[in-house]
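Protein chains in written order, with numbering that gives the first Met the number 0: chain U, 0 to 343; chain H, 0 to 98.
Source of the hints: derived by calculation from the structure; they are not laboratory data. All of these numbers come straight from a predicted model, not from anything done at the bench. There may be inaccurate statements among the hints.
Unchecked claim - As a list, the in silico BS3-like pairs of lysine-lysine whose alpha-carbon atoms are at most 30 Å apart:
| id | chain 1 | residue 1 | chain 2 | residue 2 |
| --- | --- | --- | --- | --- |
| 1 | U | K339 | H | K31 |
| 2 | H | K31 | U | K222 |
| 3 | U | K281 | U | K34 |
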Amino acid sequence: MDGPIPTRMGDGSLVRMTRAEIEAEILAGAEAGAKRAKVEPLGEDEVAHLVDIFASAARFSAVDIGDEVILSSDGVGSQDTGSRITDLQNYEQTVCTDTVELYHHDYSYKPIKPVLPFEQEIMRQTQLLLTVPVQYGAMPDLGRYTVPDGPIPNWSQLLPLGRIDEARAAQEEAVELAVDDIVYVAEGMYEAGADAINLDTAGAAGDADFLAALRAIERIRAKHPDWGIQIGMASEFVLGMHGELEYDGVRLAGLWPAGQMRLAAKAGASIFGPAINVNTGKTVAWNVARTCTIVKPCTDAAEIPVHLNGGMGVGGVPMHALPPVDAVSRASRACVDLLKIDGL
Amino acid sequence: MGGLRTAGDLVARMQLTRKMRLPEAKAYVAEKLGVTPADLSDPVVMSDVRRERGLGTIPTEDTASVADALAIEAKVNIARELDVPVRSVERFRALTGGR
Chain U
0 MDGPIPTRMG
10 DGSLVRMTRA
20 EIEAEILAGA
30 EAGAKRAKVE
40 PLGEDEVAHL
50 VDIFASAARF
60 SAVDIGDEVI
70 LSSDGVGSQD
80 TGSRITDLQN
90 YEQTVCTDTV
100 ELYHHDYSYK
110 PIKPVLPFEQ
120 EIMRQTQLLL
130 TVPVQYGAMP
140 DLGRYTVPDG
150 PIPNWSQLLP
160 LGRIDEARAA
170 QEEAVELAVD
180 DIVYVAEGMY
190 EAGADAINLD
200 TAGAAGDADF
210 LAALRAIERI
220 RAKHPDWGIQ
230 IGMASEFVLG
240 MHGELEYDGV
250 RLAGLWPAGQ
260 MRLAAKAGAS
270 IFGPAINVNT
280 GKTVAWNVAR
290 TCTIVKPCTD
300 AAEIPVHLNG
310 GMGVGGVPMH
320 ALPPVDAVSR
330 ASRACVDLLK
340 IDGL
Chain H
0 MGGLRTAGDL
10 VARMQLTRKM
20 RLPEAKAYVA
30 EKLGVTPADL
40 SDPVVMSDVR
50 RERGLGTIPT
60 EDTASVADAL
70 AIEAKVNIAR
80 ELDVPVRSVE
90 RFRALTGGR
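Looking at chain U on its own, in the form it has when it is part of the complex (with noise of 0.2 Å):
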């Protein structure tokens, strides 16, 4: 199709370009990403198949049958319409994912903790009533466990009065709690009969929080050698708000896709999550390529499953409450075709 083609941008917005301009995106977002990981640009049969998928004006876009991939979740239904369990049966029956997720409204593992037996009774229940896998699900959210939600020192206060020193122990100080929090909400999901734990936006405080993710991981591999372990990441880059953590010898700030995943295999993880985020300036086209750029050498050496997130504002779905899902299914397909994912 040679003229103006609809195809989104980041926000979700509908614009015309030809099939000339879309392929300028594909190669500029791929040159995007190459240039902010330090990785090797997407090859040329790459980009010409981006350039297929994003210059139809089809309603939706798909794999090749047989080449599906696992759709795992993150916490399932609205919790608006019915009890979670219906929600998670609707998920299962309805929607079909191959995984559901019970979690609790305030999403995290420091708030969950009080409320911890209601949350496993609710889960020792739906475990007699769906067959899917079904995880429990929160953020480790670091943040927490600061002042005024917390009783650790408020880092992002101290940091812009340059008293680093204090920044950066009290940071050290909450991944303590955040790791126990951690372990005793999943053991006790555990006991529950969950199938995994997931450890969602792993990183969205920085350096500290990943390291809370990993070490939280860690001990609760070491109790149980079968249990699923899911852990996703909040965004492309471990931002290194304390800067000098590190996990088995590797410094965390800095990490993009693959170190985060060898990291997250070493410490005993069954699926890892990428996050690459969306640029809502810039075209779906662009965002996708620049993602596929950036996750390829995590892809290309995973030691587990890589199920990359993709929804809201990350894996190139636009930042849209409602997300088209011409954007998300030309995202999805994509990413599958290029990266060989294992899940999203």
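We have chain U already, so just place chain H on it with the hints.
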């Protein structure tokens, strides 16, 4: 992959418990169930396979039968057929094993 309509949940269990990458997980499940990896995402094939082996299917009003295993019943069969640990089944057995 289609979850309970196909074999997506079964392949997912291999990823979660055995850390299998997708091709390996599909090959493993296919071999255990006596189908091809391509069959795993075909709802027409898998609905019959799942019903025959008691692995759980979508309980639609047209096809639902109390003779078909579902939920915890199906998971007992899944654990056996795939030789995979299923936490809720372990728990079920522990709590019903007699005291």
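Here is how each hint holds up against the structure:
| no. | hint | verdict |
| --- | --- | --- |
| 1 | U:K339 x H:K31 | 24 Å, holds |
| 2 | H:K31 x U:K222 | 28 Å, holds |
| 3 | U:K281 x U:K34 | 16 Å, holds |
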